[in-house]
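Protein chains in written order, with this note's numbering: chain A, 29 to 220; chain B, 29 to 220.
Just so you know, the hints here were simulated from the structure itself, not pulled from any lab data. Please read all numbers here as calculations on a predicted model, not as lab measurements. Mixed in with the good hints, there may be bad ones.
Chain copies aren't distinguished; within one or between two, either way the pair holds.
In silico DMTMM-like pairs for lysine to aspartate or glutamate, Cα to Cα no more than 20 Å straight-line [claimed, not checked]:
(1) Lys200 to Asp108
(2) Lys200 to Glu43
(3) Lys200 to Glu189
(4) Lys80 to Glu156
(5) Lys80 to Asp105
(6) Lys80 to Glu35
(7) Lys80 to Glu43
(8) Lys80 to Glu189
2 protein chains.
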Amino acid sequence: MAQHSLEQQLSFLREIDRLKSVVRQSPLLDATRRENSAEHSWHLAMYAVVLKDYANGPVNTNRVIRMLLLHDIVEIDVGDMPIHGGTSGAVQAEQEAVAARRIFGLLPAAQGEAMLALWQEFEAAETEDARFAKALDRFQPLLINVFTGGGTWSESRVTCEQVIQRYGPAIKRGSPELWTLCEQWVTRHFSA
Amino acid sequence: MAQHSLEQQLSFLREIDRLKSVVRQSPLLDATRRENSAEHSWHLAMYAVVLKDYANGPVNTNRVIRMLLLHDIVEIDVGDMPIHGGTSGAVQAEQEAVAARRIFGLLPAAQGEAMLALWQEFEAAETEDARFAKALDRFQPLLINVFTGGGTWSESRVTCEQVIQRYGPAIKRGSPELWTLCEQWVTRHFSA
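This is chain A alone, in the form it adopts within the complex:
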């Protein structure tokens, strides 16, 4: 039984290697290539470690880190859905739910269910932990766009109003303080 559990766990760990091949829209800060979802997840976990004090309410940073480590694993099956892409939210949510059940289902049952529950909590964005995690997941690409002189905003011809509308609610809800900074960045960026 223990041997079988370990086989399931290693099967899961091998499967998620594929997240390294899911390419996001956002570039690296040096603009040499686009970021992949595995390294993005690592970076976000470091954002949580470093920026924990900017959460809107009390958060359990360790849970936030774990959420961010696994939040994009569903993209192995469904790919990265660009924020400026126009995919239907309901269709995307259903595809991702199927992917989550398949991939976390590779694990021993109790472990897989716990991980699925954490992913669902992230998606629902109703707890402070999930809201802070969601805020960081929006904040990081916004920072990239600002510090690469436009990034995906320039490519997609996004307006200042669209940026405020697409990033604002999630960042503000999880971290009003970071959103205040973002507003300054965005205003400066689009008036330059």
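On the provided structure of chain A, position chain B as indicated by the hints.
Chain B only, in chain A's frame:
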């Protein structure tokens, strides 16, 4: 002051973006390219989440995860030192210590010192947390080599005895159970 702290924290988070451009020896499991140290760090954090019960002694998984998230950040300055490369351990350790002070020194003092201490704990490998983290850091590339039909072992013409000698002590000390599995894999691999 708070504003200055946030600037320091964002400066650190931008700096560590460079870890995505540090290329390791190990390939991805699909062998399409080599792994970088940022996505490797993400994967190892997931190894800690999933394999926590295989630690040799009681560990604080949250500390292990944090250690693994930051354990390679020094490579931004010094690069990845291949296990089969023959670099002097003392020279490498000194270069990495300088890098750690520079990079974690970008953070507000208290936060940077805490992170430096966690990195030093990992390097010293004297606590159970650090030993388990070190074991995973050796286990993951071994798994890759086995599941890619040789990987860096074939490239470097490494013998079975060298594999046992270079990976064994660290894995066995942090996780005897995982090492038992590794021995089976390695024996089978080199007798094939």
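*Looking back at the hints listed earlier, which ones does the structure fail to meet?*
Of the numbered hints given earlier, those the structure breaks are 1, 2, 5 and 8, listed in rising order.
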